[in-house]
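Asks: Turn these sequences into a full structure, and let the hints guide you.
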Amino acid sequence: MLEAPLRKHPDAASRNYDGEAFIVVPGKGEYNILNPIGTRVWDLIDGQRTVVEIARVISDEYAVAQEVAEADVRSFVDDLKKHQMLA
Amino acid sequence: MRDAATIDDYHPETVYFERRLNAFGPQALELEVAGIRARLEGLSSEQKSQLAARYGVFARRDASPAPDLVVSVRHADRTEFLKLRVGGVSETYRLLTRFEGEDLLAWSYEWAALVRFDGHAATLAAASSDRAIFDRCIENFLRVAFAHLALARGGVLMHAAGVVRNGRAYVFFGPSGSGKTTTTLMSAGDLVLSDDLLMIVRDGAGFAATSVPFRGLVTPGATTNSRYPLAGLFRLVQDDRDFLEDLGRPQAVGQIVQSLPFVTDRAESAPRILDVVSEMAFATPVKKLHFRKDPGFWRIVENVGGSAAEAP
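Chains A and U, in that order, are what the protein sequence lines are.
Read in order, the letters of the first sequence are residues 1220 to 1306 in our numbering.
Read in order, the letters of the second sequence are residues 12 to 323 in our numbering.
The set of hints was computed from the structure by calculation and includes no laboratory data.
Cβ atoms here follow ideal geometry from the backbone N, Cα and C, with glycine treated the same way.
Among the hints, a few may not be true.
Derived EDC-like pairs: lysine to aspartate or glutamate, alpha-carbon spacing no greater than 20 angstroms straight-line [unchecked claim]:
#	chain 1	residue 1	chain 2	residue 2
1	U	K94	U	D129
2	A	K1301	A	D1291
3	U	K299	U	E313
4	A	K1300	A	D1230
5	U	K299	A	E1249
6	U	K298	U	E313
7	U	K298	A	D1237
8	A	K1227	U	E313
9	A	K1227	A	E1249
10	U	K59	U	D73
11	U	K59	U	E111
12	A	K1247	A	D1230
13	A	K1247	U	E279
14	A	K1227	A	E1239
15	A	K1227	U	E279
16	U	K298	U	D257
17	U	K304	U	D251
18	U	K59	U	D141
19	A	K1247	U	D276
20	U	K298	A	E1239
21	A	K1301	A	D1279
Label pairs and their computed distance ranges (CB to CB) [to be verified]:
#	chain 1	residue 1	chain 2	residue 2	range
22	U	R303	A	V1283	44 to 54 angstroms
23	A	H1302	U	R283	15 to 25 angstroms
24	A	D1297	U	P282	40 to 50 angstroms
25	U	N314	A	P1255	43 to 53 angstroms
26	A	E1286	U	G130	50 to 60 angstroms
27	A	Q1303	U	G188	24 to 34 angstroms
28	U	G259	A	D1298	16 to 26 angstroms
29	U	D250	A	D1298	52 to 62 angstroms
30	A	D1297	U	A143	47 to 57 angstroms
Chain A is nowhere near these chain U residues, computed Cβ spacing over 10 angstroms in every case [claimed, not checked]:
#	residue
31	G46
32	R72
33	S187
34	S280
35	A294
36	P296
Replies: The structure is reproduced here in structure tokens:
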């Protein structure tokens, strides 16, 4: 079964500061700050890429096995969903 | 399921403001806060005098040809909008807002307003001419309006205390109970801009802080409407010793955003808020101030910021 591409929450606003993404979803009363790898994943969520495709980029850029990258990206994406940062 | 009290809330739509509501009188009063002008029209002579006395240095004698906001103050045709919940624990003051396009609807217990920012016009329907209630309506509406007007101008209304020392403004912020009022009480001899709410505005390449006229009914009014260059923004943390802790840029932005009332619920405003706060955090030192409840913190605070703003 094909996975759907990941999309950011339409109300999420973000800025990158020194390699760390600051993300706020209005009305949620909280903000989130991502570390550099999380920021890279966040930047790759463009409504076109799936988890597997994002993991492939991370695997290449950080020289980690695809399976490891995929597991980490899925876990991270679950966190983003928990904080309502994804559509 | 809503409780019985909320079932009786009246939530105005924009069509409510198309009704023919009566003005209280023919008088007008202009207020200016950090260069932002709002004219209140439809006041009685008594209301104008009372509001002018209340807002002191912020009340203008001259009329601007193009105020940033012209507010038509009208007598609402109902005695309340939101219903005050009775019985049990007293409720937190409720003020609701909703945007319809670029127009802002705001309402509370005894007032409701429609602000058309594009047209620089607003209608404020106040449910009572009783002085205390009327003043409260005006006050609470203006807080919301000026928060949005400040943001449009690249500044912010901020829950913060501000103290001026040697011509520079030191802004102390944090959640309720963090010590904002304490910092002002520990600043004998300095000019206190506010212990709760102030405005930060662009000032050349940097930012400046200024008092605002908004206060509780018993708090003394500000004595100056001047702006003072921002020396630093300090997130308060009560501790058993005084020291400064560096804040990373994302943390600094987040802490400041959490201190902005009225503007952070609207998704469309979020990018603008981040732009403005980012520039503030780049132009001004933002630190965590761990402090004891005595004036000793000034020894470590007053040298922050040097004599020039940091370059972005």
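Asks: Take the hints in turn and mark each one as holding or not.
Replies: Here is how each hint holds up against the structure:
Our distance criterion of 20 angstroms between C-alpha atoms is broken by K94 of chain U and D129 of chain U, whose separation comes to about 31 angstroms. The hinted pair formed by K1301 of chain A and D1291 of chain A meets the criterion: a straight-line CA distance of about 15 angstroms does not exceed 20 angstroms. Of the supplied pair hints, the one linking K299 of chain U and E313 of chain U holds, its CA atoms being roughly 14 angstroms apart against a limit of 20 angstroms. For the hint linking K1300 of chain A to D1230 of chain A, the alpha-carbon distance of about 14 angstroms falls within 20 angstroms, and the restraint holds.
At roughly 19 angstroms between alpha-carbon atoms, K299 of chain U and E1249 of chain A fall within 20 angstroms of each other, so this suggested pair holds. Under the criterion of a C-alpha separation no larger than 20 angstroms, the hint pairing K298 of chain U with E313 of chain U is consistent with the structure, at around 12 angstroms. Between K298 of chain U and D1237 of chain A the CA atoms are separated by roughly 17 angstroms; this keeps the pair inside 20 angstroms, and the hint holds. Pair hint K1227 of chain A plus E313 of chain U does not hold up; C-alpha atoms about 42 angstroms apart against a cutoff of 20 angstroms.
Under the criterion of a C-alpha separation no larger than 20 angstroms, the hint pairing K1227 of chain A with E1249 of chain A is consistent with the structure, at around 16 angstroms. The straight-line distance between the Cα atoms of K59 of chain U and D73 of chain U is roughly 14 angstroms, inside the 20 angstroms bound, and the hint therefore holds. Only pairs whose Cα atoms come within 20 angstroms are accepted, and K59 of chain U paired with E111 of chain U is rejected, the gap being roughly 31 angstroms. For a cut-off of 20 angstroms, the pair hint linking K1247 of chain A to D1230 of chain A stands: about 10 angstroms separates their Cα positions.
Restraint check for K1247 of chain A and E279 of chain U: satisfied, since their Cα atoms lie roughly 14 angstroms apart, inside the 20 angstroms limit. At most 20 angstroms may separate the alpha-carbon atoms for a hinted pair to count; K1227 of chain A and E1239 of chain A meet this at roughly 17 angstroms. The suggested pairing of K1227 of chain A with E279 of chain U holds, with an alpha-carbon distance near 15 angstroms, which does not exceed 20 angstroms. Between K298 of chain U and D257 of chain U the alpha-carbon distance is near 5 angstroms, which keeps this suggested pair within the 20 angstroms criterion.
The hinted pair formed by K304 of chain U and D251 of chain U meets the criterion: a straight-line CA distance of about 9 angstroms does not exceed 20 angstroms. Pair hint K59 of chain U plus D141 of chain U holds up; C-alpha atoms about 14 angstroms apart against a cutoff of 20 angstroms. Our distance criterion of 20 angstroms between C-alpha atoms is met by K1247 of chain A and D276 of chain U, whose separation comes to about 8 angstroms. Between K298 of chain U and E1239 of chain A, the direct Cα distance comes to roughly 18 angstroms. Compliance with the 20 angstroms bound is thereby established for this hinted pair.
Pair hint K1301 of chain A plus D1279 of chain A does not hold up; C-alpha atoms about 27 angstroms apart against a cutoff of 20 angstroms. Look at R303 of chain U against V1283 of chain A: about 47 angstroms separates their beta carbons, and that is inside 44 to 54 angstroms. Checking the proposed 15 to 25 angstroms range against H1302 of chain A and R283 of chain U shows it holds: the Cβ atoms sit about 22 angstroms from each other. Remark: the range hint 40 to 50 angstroms for D1297 of chain A to P282 of chain U is contradicted by a beta-carbon distance near 26 angstroms.
Checked against the hint of 43 to 53 angstroms, the pair N314 of chain U and P1255 of chain A fails, with Cβ atoms roughly 33 angstroms apart. Checked against the hint of 50 to 60 angstroms, the pair E1286 of chain A and G130 of chain U passes, with Cβ atoms roughly 58 angstroms apart. The beta-carbon spacing between Q1303 of chain A and G188 of chain U, approximately 28 angstroms, falls within the hinted interval of 24 to 34 angstroms. At about 20 angstroms, the beta-carbon gap between G259 of chain U and D1298 of chain A stays in the expected band of 16 to 26 angstroms.
In this structure, D250 of chain U and D1298 of chain A break the distance hint of 52 to 62 angstroms, their C-beta atoms being roughly 31 angstroms apart. At roughly 52 angstroms, the beta-carbon separation of D1297 of chain A and A143 of chain U lies within the given 47 to 57 angstroms, and the hint holds. At the 10 angstroms boundary, the C-beta of G46 of chain U stays outside the reach of chain A, the nearest C-beta of that chain being 27 angstroms off. The Cβ of R72 of chain U sits about 39 angstroms from the closest Cβ of chain A, beyond the 10 angstroms cut-off, so the non-interface label holds.
With a least CB separation of 15 angstroms from chain A, S187 of chain U remains clear of the 10 angstroms interface cut-off, as annotated. Here S280 of chain U does not stay apart from chain A, with its beta-carbon only about 7 angstroms from theirs, under the 10 angstroms limit. Residue-level check passed: A294 of chain U sits 14 angstroms from the nearest beta carbon of chain A, beyond 10 angstroms. The beta carbon of P296 of chain U is kept farther than 10 angstroms from every beta carbon of chain A, the shortest such distance being approximately 15 angstroms.
Checked against the numbered hints above, the structure breaks hints 1, 8, 11, 21, 24, 25, 29, 34 and satisfies the rest.
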